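> Build the full structure now, drawing on both the sequences and the hints.
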Amino acid sequence: MEFVKEESEESTSEIKQEEPETWKIQHMGPETWKIKEEEPETWRIKEEEPETCRTKHEELEILRIKQEEPESCRIKHEEPEILRIKHEESETCRIKHEEQGEFIEEIEEYEESSEVEEKNHIKTGGKPLKDLKKKRVKKSFTCTQCGKSFTHKASYGRHMRIHIVEKPFTCDQCGKSFKQSANLKRHMKIHTGEKPYTCDQCGEMFLWASRLKKHYKFHSKEKPHSCYLCGKSFWNLQSLKVHQKVHTSVREYMCFECKKTFSSVSNLKQHERIHTGEKPYKCSQCDQRFKQSTHLKTHERIHTGEKPYKCSHCDKRFRNSSRLKLHERIHTGEKPYKCSHCDKRFRDSSSLKTHERIHSGEKPYKCSHCDQRFNQSAHLKTHERIHTGEKPNKCSHCDKRFRDSSNLKTHERIHTGEKPYKCSHCDKRFRDSSSLITHERIHTGEKPYKCSHCDKRFRDLSSLITHEKINSGEKPYKCSHCDQRFNQSTHLKTHERIHTGEKPYKCSQCDKRFRDSSSLITHERIHTGEKPYKCSHCDKRFRDSSSLITHEKIHTGEKPYKCSHCDKRFRDSSSLKIHERIHSGEKPYKCSQCDQRFNQSTHLKTHERIHTGEKPNKCSHCDKRFSDPSNLKTHERIHTGEKPYKCSHCDKRFIVSSHLKRHERIHTGEKHFKCSHCDKTYIDSSSLKRHERIHTGEKPF
1 MEFVKEESEE STSEIKQEEP ETWKIQHMGP ETWKIKEEEP ETWRIKEEEP
51 ETCRTKHEEL EILRIKQEEP ESCRIKHEEP EILRIKHEES ETCRIKHEEQ
101 GEFIEEIEEY EESSEVEEKN HIKTGGKPLK DLKKKRVKKS FTCTQCGKSF
151 THKASYGRHM RIHIVEKPFT CDQCGKSFKQ SANLKRHMKI HTGEKPYTCD
201 QCGEMFLWAS RLKKHYKFHS KEKPHSCYLC GKSFWNLQSL KVHQKVHTSV
251 REYMCFECKK TFSSVSNLKQ HERIHTGEKP YKCSQCDQRF KQSTHLKTHE
301 RIHTGEKPYK CSHCDKRFRN SSRLKLHERI HTGEKPYKCS HCDKRFRDSS
351 SLKTHERIHS GEKPYKCSHC DQRFNQSAHL KTHERIHTGE KPNKCSHCDK
401 RFRDSSNLKT HERIHTGEKP YKCSHCDKRF RDSSSLITHE RIHTGEKPYK
451 CSHCDKRFRD LSSLITHEKI NSGEKPYKCS HCDQRFNQST HLKTHERIHT
501 GEKPYKCSQC DKRFRDSSSL ITHERIHTGE KPYKCSHCDK RFRDSSSLIT
551 HEKIHTGEKP YKCSHCDKRF RDSSSLKIHE RIHSGEKPYK CSQCDQRFNQ
601 STHLKTHERI HTGEKPNKCS HCDKRFSDPS NLKTHERIHT GEKPYKCSHC
651 DKRFIVSSHL KRHERIHTGE KHFKCSHCDK TYIDSSSLKR HERIHTGEKP
701 F
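Using the UniProt record's numbering, read the sequence shown as starting at 1 and increasing by one per residue.
None of these hints come from the bench; they were simulated from the model. These numbers come from a predicted model, not from an experiment.
Below, in silico cross-link-like pairs of lysine-lysine (PhoX-like), each with a Cα-Cα straight-line distance of 20 Å or less: (1) K353 <-> K363; (2) K381 <-> K366; (3) K344 <-> K450; (4) K646 <-> K553; (5) K503 <-> K605; (6) K493 <-> K400; (7) K661 <-> K553; (8) K269 <-> K297; (9) K409 <-> K307; (10) K335 <-> K325; (11) K450 <-> K363; (12) K366 <-> K353; (13) K419 <-> K316; (14) K540 <-> K553; (15) K506 <-> K605; (16) K223 <-> K325.
Cβ-Cβ distance ranges computed for the label pairs, FRET-style: (17) L237 <-> K316: 27 to 33 Å; (18) H537 <-> C314: 41 to 47 Å; (19) C174 <-> C314: 39 to 45 Å; (20) Q145 <-> A209: 32 to 38 Å; (21) K671 <-> Q509: 46 to 52 Å; (22) I358 <-> P588: 39 to 45 Å; (23) D427 <-> H537: 25 to 31 Å; (24) S489 <-> E204: 37 to 43 Å; (25) D399 <-> Q484: 26 to 32 Å; (26) H537 <-> E614: 31 to 37 Å.
For every residue, glycine included, the Cβ atom is placed at its ideal position computed from N, Cα and C.
Here it is, written out as C-alpha cells:
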C-alpha cells in the first residue's frame, strides 16, 4: 500500500519539526487512496464512498468504514515523529507486500480504537465525565518482524512504526536514529550542552523554546487550564488531564512486576525503574545517577548554587518548584491532604503517605546490612550510613559532619542562633519543628506513644524507644574506650566525650561548657531563672523534665529501679547506678590534683573546688557562698524554714534527708555503724567517729 501526497503540496522528503504537519487519507474510489494536508496534530481517514478494504489474513480485525456519514479516526501524537511520504502517482489499494499490509492495517485498527478511547477520556469543557474503566490485559500482541510481545495495543501500535518507517538520520554520539534531520539537529544539543533559549527574568537556560515558554508561565503565575470539578489550575493541558483522573480514580497503566497502577505512562516508566534499578541520568559533576531527568536537574543546582524559585512571602529561594509550593503552604496554612484514619492533615502527599504507615504498620524499606525496616526511604538511607560510616553533610562553620541534611540544617542554627519554630502557647522558640511539636504536647498533655509492655505513654517516639530498651535490657551502642553500653546513640556520643574531654556547647552568659545541648539548656535556666516544669501535686517547679519526673515519684512513692545486690529501690536510674558502685567499689572519677577518686562526678566537682577555692553557689538571703549546690539548697532552708522531710512515725520534720534517716533509726532501733575495736554500734557515722577517738586517743579540738 502506498501513499500519494496531493499535487497542491510541495514535494519534500522531510517535514520540519517545529511545525508538525499532519495528513488526511481520503478514500476517492473503489480502490484509490489519496493524502492531503489537513490540520496540525491530527490524522483523519475520510470516506467518500462506502467501501471495505480487507486483507488476506483472517486473524486481523477488518477495518470498518461507516457508511452513513464520514467519520474521522484520530491518532494521538505520542512522539514528535512524522511520517515521510514519497511523492508518486496514485495507484489502486492493492497490498503487494503481505507483511507491510499487516503492519498498516494493525496500525489503522489501533487508530480506530484510539478514537474510541479518546472519546471515553475526560472532557475539560464543562461536560459530565464519561465512565472510565481500568484496562485489563486479556491478550498479548506479538510483532511478526522481530518477535517482541506487547500487552497493550497502544504499545504494539507504536512499535510497529519502527519497522515500516525509515530513520535515515543517526546520531554519531549515541547511535539514536531519527526520521528528520531537524530532529537529529535538536537531539545533538543534548550532547553539546547547548541551551540557546534563556529566560530574561531569572537567567535559566533551556534546550527547547517550548520549555522556555512553559517556564515563563511560572513567572507570570498563569495557569490557563482549570479543572471544572475542583477548580484547581494547571500550566499545561496534559497536567490537567492527569489530575482529572484523580476524580475518577482511573489508573490505566499497570506495572506487571507488582500490579501497581498509574494514571500516566510517564509515571509507570519512572516506577518500573525501581524494579530494574535503572538510573539513566548522570551528573557531570559528581557521577551521581538518577531515575528522572528532573531529579538530575534539581541535583545539579546543588553544584551551581542556583535557586530560581523565590517565595513571594519571605524571599526564601528554592532549587525546584515543588519545594517552593510546599514552603508557601507554611505561610497560607494550607494542608490539603487528610488522613482517613485520624483526620490529621498534611501539607504534602508524601507526609500523608508516611503518616498512614503508622496506622498500617507498613515498613517497606529494609536495610541490607541488619534487616531493620523503615517506613521512609530517607530513614533507610540515613540508617545505612551508620553501617558505611558515611557523613556527606559538612557544617560550613565548624567542619562537623552529619549523616543527613536535616541534622546539618538544625546544627547550623546553633551557629546562627536561628529558632524559626515558635510555640503558640508560651512564645518559646525552637531550632527544629520536631522539638516544637514535642514541646507543645506539654501544654496539650498529649502522649501519643504507648509502650506495648506496660501501657505507659510518652510525648515523643525517642522516649518510647528508650523506655522499651529499658524493659528489654537492650543496649546496642558500645563505647570503644571502656566497653560501656548504652540504649541510645546520643547517650553513647555524650559518654564518649568524657574520654575525649570534648565540650562543644558553651554558655553565652558565663562561658561554661557542656558535653551535650540539654545540659547547656538546663544550665542557661540558672541565669534566666526559668523553671518551666511544674509538679501537679505541690506546684513546685523545676528547670528540667527529669528533675520533675524524679520529684513526682516522691508523691507517688514509685521506685522502679532495683539494686540486684541488696534489693534496695530507687526513683531514678542514676541513683541506682551510683548506689551499685558501693557494692562494686568502682570510683571512676579521679581528682587531677591529689589522685583521690569518687563514685560520682558531682562529688569530684565539689572536691576539686577545695583545691581551687571556688564557691560559685551564693545564698540570695545572706551572701554566704558554697562549693556544692546541695549545701546551698540545705542552707537556704534555714532562711525559708522549709523542712520537706517528715518522719512517718512521729511527724517530726527535717531540713535534709540524712537527718530524717538518722532520726528514723531511733524508732527502728537500727544501728548500722559498728566500732572496729569493741563491737559497739551507733545510729550514725558521726557518733561512731566520736566513739573511736576514745580508742585512738585522738583529740582534734
